[in-house]
Amino acid sequence: MKPLITSLLLEAESSATPVSAGLIALAVVVIVVICVLISCIKIVPQARACVIERLGRYYTTWETGVHFKLPFFDRVAKNVVLMEQVADFPPQPVITKDNVRMQIDTVVFYQITDCKLYAYGHVNPISAIENLTSTTLRNIIGELDLDGTLTSRDVINTKMRSILDEVTDPWGIKVNRVELKNIIPPNEIQNAMEKQMKAERERRESIIRAEGEKKSQILVSEGKKESMILAAEAEKQSAILNAEAHKEAAIREAEGKAEAILTVQRATAEGIRMINEASPEEGYLTLKKLEAFTAASDGKATKIIIPSELQSLAGLVTSAAEIAKDSEEKAAPTKK
Numbered sequence: 000m001k002p003l004i005t006s007l008l009l010e011a012e013s014s015a016t017p018v019s020a021g022l023i024a025l026a027v028v029v030i031v032v033i034c035v036l037i038s039c040i041k042i043v044p045q046a047r048a049c050v051i052e053r054l055g056r057y058y059t060t061w062e063t064g065v066h067f068k069l070p071f072f073d074r075v076a077k078n079v080v081l082m083e084q085v086a087d088f089p090p091q092p093v094i095t096k097d098n099v100r101m102q103i104d105t106v107v108f109y110q111i112t113d114c115k116l117y118a119y120g121h122v123n124p125i126s127a128i129e130n131l132t133s134t135t136l137r138n139i140i141g142e143l144d145l146d147g148t149l150t151s152r153d154v155i156n157t158k159m160r161s162i163l164d165e166v167t168d169p170w171g172i173k174v175n176r177v178e179l180k181n182i183i184p185p186n187e188i189q190n191a192m193e194k195q196m197k198a199e200r201e202r203r204e205s206i207i208r209a210e211g212e213k214k215s216q217i218l219v220s221e222g223k224k225e226s227m228i229l230a231a232e233a234e235k236q237s238a239i240l241n242a243e244a245h246k247e248a249a250i251r252e253a254e255g256k257a258e259a260i261l262t263v264q265r266a267t268a269e270g271i272r273m274i275n276e277a278s279p280e281e282g283y284l285t286l287k288k289l290e291a292f293t294a295a296s297d298g299k300a301t302k303i304i305i306p307s308e309l310q311s312l313a314g315l316v317t318s319a320a321e322i323a324k325d326s327e328e329k330a331a332p333t334k335k
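In numbering that gives the first Met the number 0, the protein residues as written are 0 to 335.
Read the hints as simulated data drawn from the structure, not as lab findings.
Honestly, I wouldn't trust all of these hints.
[To be verified] List time: in silico DMTMM-like cross-link candidates among lysine to aspartate or glutamate, alpha-carbon distance up to 25 Å:
no.	residue 1	residue 2
1	K197	D113
2	K115	D146
3	K96	D146
4	K180	D164
5	K180	D113
6	K41	D87
7	K173	D113
8	K158	D146
9	K115	D164
10	K158	D144
11	K158	D73
[Said to hold, decoys possible] With beta-carbon atoms standing in for the labels, derived distance ranges:
no.	residue 1	residue 2	range
12	K214	I250	50 to 58 Å
13	V154	N190	20 to 28 Å
14	N175	V75	54 to 62 Å
These numbers come from a predicted model, not from an experiment.
Where is the CB? At the ideal position from N, CA and C, for every residue including glycine.
Let the sequences and hints guide you as you build the complete structure.
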């Protein structure tokens, strides 16, 4: 802008009349005014704000949109980002309650809620938050031992967020979250922890293996028990079926014998009936009696009761037998 105005003035002095020189000067002034007015127009983008000072004092805060400032009176003191921001601080040395020295780095998520307080509350609020985070972390870790530090991340995060949010509130900053990024113990502590974890894993492996073997033995025993129970139940059912089969067979056999006896008796009764209907003679009856006597004298009976009707017939048979015997004795010497 200045080179342009200088060149216009030089041309006006060298080649123009006094009237034209005045017009050129007016044009130059108009151009300067327009440029100043344009520079006083400010467009604030989304999620941003501007702190405005008038004559060196806080005047107002511009939010998103188009704004106009008074030239030479107003100025933008600070541009503020309203989005959530992250501050990643380097590792800080801390000492635990059991005198273990370690390195811990933190991450702070914060957001500016009041632009005026943020611009005038602290000279360097981010540096202040870093130092405050370091001291707060040392105080909290100093109350915990090594194991408590490694297992209490949530507790440490909550305490730090509460303390930082309370302290940074007068600076127009709200601390949303605080996270422990890394906890780095000394090398010897790391080696000891690795050995401890290895021993713990081996112990758990042994316990799991023993429990597996125990469950396996229990399952095998239960299987044998169930097998024996099923075998006994099968034998019981088999015995019941065999008994029922023997019973049924005995019943069928008895029924068959009874049927046979009944058939024989029926046949005998039928024969007797037929004999009675035929009116047999005395000789036939005597012959039947003799057959019955012969059957009775087969040697099995110890006592024989002979009816009176057969006594004469028996005597006749005995005499015939004696005669036949004498004849054989007489014939025997002749043959010699």
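Self-check item: Violations among the numbered hints, reported as their numbers in ascending order
Solution: Of the numbered hints given earlier, those the structure breaks are 1, 2, 5, 6, 11, 14, listed in rising order.
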